[in-house]
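Protein chains in written order, with the numbering used here: chain A, 273 to 442; chain B, 140 to 555.
Bear in mind the hints are in silico, worked out from the structure with no lab data behind them. You may find that some hints are simply not true.
To be verified - Below 27 angstroms or equal to it, Euclidean Cα-Cα: the simulated DSS-like pairs (lysine-lysine) are:
1. B:376 <-> B:468
2. A:274 <-> A:387
3. A:274 <-> A:388
4. A:434 <-> A:274
5. B:188 <-> A:433
6. B:245 <-> B:195
7. A:400 <-> A:324
8. A:400 <-> A:387
9. B:189 <-> A:434
10. B:376 <-> B:245
11. B:380 <-> B:245
12. B:165 <-> A:433
13. B:216 <-> A:306
14. B:195 <-> B:145
15. A:433 <-> B:189
16. B:195 <-> A:433
17. B:153 <-> B:195
18. B:245 <-> B:216
19. B:188 <-> B:165
20. A:433 <-> A:306
21. A:434 <-> B:195
22. A:434 <-> B:165
23. A:434 <-> B:188
24. B:216 <-> B:189
25. B:376 <-> B:195
26. A:274 <-> A:433
27. B:165 <-> B:145
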Amino acid sequence: MKGLITGNAFVYGANVDTDQIYPGGYLDLTDPDKVAQHAMERVDPEFVKEVKAGDIIVAAANFGCGSSREHAAVALKASGIAAVLAESFARIFYRNAINLGLPLLVCPGIAKRVKKGDLLSVDFSEGKVTNQTTGTVAVAQPLSEYVIAILENGGIKPMIKKQHGLHCPR
Amino acid sequence: MHAVEKIIARAAGKNELRTGEIINCKVDLAGINDLYLQTLRSFYEMGGKKVHDPQKVVMFLDHYAPASTIMQADNQKQFREFCRAQGIELLMDINEGVCHQILADKGLVCPGMLVVVTDSHTTTHGAFGAFSTGVGATDLAIVLMTGQLWFRVPEVIRIHLEGRLGQGVYAKDVILKVIGALGADYGVYRAVEFTGPLLARLSVSERMVLCNMTTEMGAKTAYIQPDEVTLDFLQGKARQKYAVVATDPGYLYAQEHTFDITSLNPQVAAPHSVDNVHDIAEYLGKPVHQAFLGTCTGGRVDDLAVAARILKGRHVSSRTRFVVVPASKGVLLEAMARGYIQTLVEAGATLVTPSCAACLGTHQGILAPGETCITASSRNFPGRMGHASAEIFVASPASVAAAAMEGIIADPAKYL
Ligand code: SF4
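Given only the sequences and the hints, what does the whole structure look like? Please build it.
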């Protein structure tokens, strides 16, 4: 995947679970704009007021653990989050986000190098994350070819629509 | 090859595969629950018209059973209509119970199957020697459309369990101990197999607890090699023919851990993470406002049986409330026949119909600010069962019942 994004960081700790990203009480909602109104509600009640399109979430290990609710990924994407960078991700959240076309990068040590509000730029072709505020650089693990294909199609839904089905990755 | 790899390879139509490889697999059974209306939305958004194979789809109306808001009711209505329109006969409506227990009760999961459900605790079915894992709504919609889904071939970790369960100690205590020792993200993207002499002494119900809770260490799937206990359970119940696969001798695990549980005491996961595990002794005497017995983790017949044994002829403390939710209709019927429900209700329990109930904090027993709950369910994240300031202790059904009786966290061993 190519492209460069630049945005301000929100920084969170380890084991941020999907109940905190999107509380169970609102699971009956499906409209993404309504879902976005509860994004990060249990971790950071100010998030919804502060988030701007293009912002980036940075977290420590196991981001998105817990329930399989796709609402968690929908909430972040519909809030305008352009990418999530974490030390590791829980697998169902990872799949959900990639399927929706929300890029996630596994980025060892990232949570310690970024403070809230720092300006980050992410170069997807090189997997390089530059903290413009502090001048430090971190390197993300490369995305698999299949994940890149999904992201380049803007998510798995447009991809499947285009291909009329699920095609075996190489 | 590992048995799990063989299952994936068979589903992908391959003879060999590499760890880390991404492949498309045919799905043998796909389950949707009522939190995921997005599944139907995604299906139509991708241009879906007819479900690929309606016989392989199960719809569960369990998380909101019975509906408590108009929106929940409307979502369930749309699921029912979808099932009717698509010829999905396996509609498990609000009378049936929690998805994972229904799958077990009805013999819908057999060894060697590849199963996905829109629920993270789908790892439960490793207890039957299946490859089963949780997926999101859009992934499930892809299965509805194509009958397939992409998977990354996982590394396999082995957890070898030795020794015997002591008085008042159950599979739930064992798995809490393991999660506490290894951490909430230890199993991420990996398969966890349980082996060892302890397994032969565990019922299917106890094995389901082990596999169910591997989700709380991030595991993609769990696995227990089917044996006589498994085959006895499936006898007369299995809905289809199956072939048991086995791991090749000399298979090299990515990691191996041995736990001797002979001297294990009852455990609790203290607020607010499932890997914050301690001996129950550290919390004895802590007042609890609610004790919760139920869910796909702790609402089976064995669980109601131990609670009934503890509360027989005794009474729930006036300082607490005891919410009991059988995991399924099958569990409720058997527990009634055995007199457990009578005992528990007489002792002061509040009975809720089979469903997820308060487990995910939406209805039927949610917690007020500052309250403490001890639960036989799986999770204690902030706000999981109600207000974010409520404290949740995850423990075995026996420990929950002992706390219900005393109104404080208590060691169940003395009542057994
Ligand atoms: S009982 Fe709880 S853990 Fe199990 S499926 Fe329902 S909400 Fe999830």
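Practice problem: Starting from residue 216 of chain B, check that the Cα of residue 189 of chain B is at most 27 angstroms away, please. | Solution: 19 angstroms, holds
Quiz item: Is residue 188 of chain B within 27 angstroms of residue 165 of chain B, Cα to Cα?
Solution: 19 angstroms, holds
Practice problem: Would you mind confirming whether the straight-line C-alpha gap from residue 434 of chain A to residue 195 of chain B stays at or under 27 angstroms? | Solution: 25 angstroms, holds
Quiz prompt | Holds or violated: residue 153 of chain B to residue 195 of chain B, with C-alpha atoms at most 27 angstroms apart | solution = Between residue 153 of chain B and residue 195 of chain B the Cα gap is close to 21 angstroms, so the pair holds against 27 angstroms.
Quiz item: Would the pair residue 376 of chain B and residue 195 of chain B pass a check requiring their Cα atoms to be no farther apart than 27 angstroms?
Solution: 17 angstroms, holds
Quiz item: Are residue 274 of chain A and residue 388 of chain A close enough, with their CA atoms no more than 27 angstroms apart?
Solution: 26 angstroms, holds
Quiz item: Is the straight-line distance between the alpha-carbon of residue 245 of chain B and that of residue 216 of chain B 27 angstroms or less?
Solution: Holds, at roughly 24 angstroms.
Quiz item: Has the given pair, residue 216 of chain B with residue 306 of chain A, been kept, meaning a C-alpha gap of at most 27 angstroms?
Solution: 21 angstroms, holds
Quiz prompt | Restraint check for residue 376 of chain B with residue 468 of chain B, where alpha carbons must lie at most 27 angstroms apart | solution = 16 angstroms, holds
Practice problem: For the pair supplied as a hint, residue 189 of chain B and residue 434 of chain A, confirm whether the alpha-carbon distance does not exceed 27 angstroms. | Solution: 17 angstroms, holds
Quiz item: Are the Cα atoms of residue 195 of chain B and residue 433 of chain A separated by 27 angstroms or less?
Solution: Cα-Cα ~22 angstroms, so holds.
Exercise. Take a quick look at whether residue 188 of chain B and residue 433 of chain A sit within 27 angstroms of each other, Cα to Cα.
Key: Holds, at roughly 12 angstroms.
Checked against the numbered hints given earlier, the structure satisfies every one of them.
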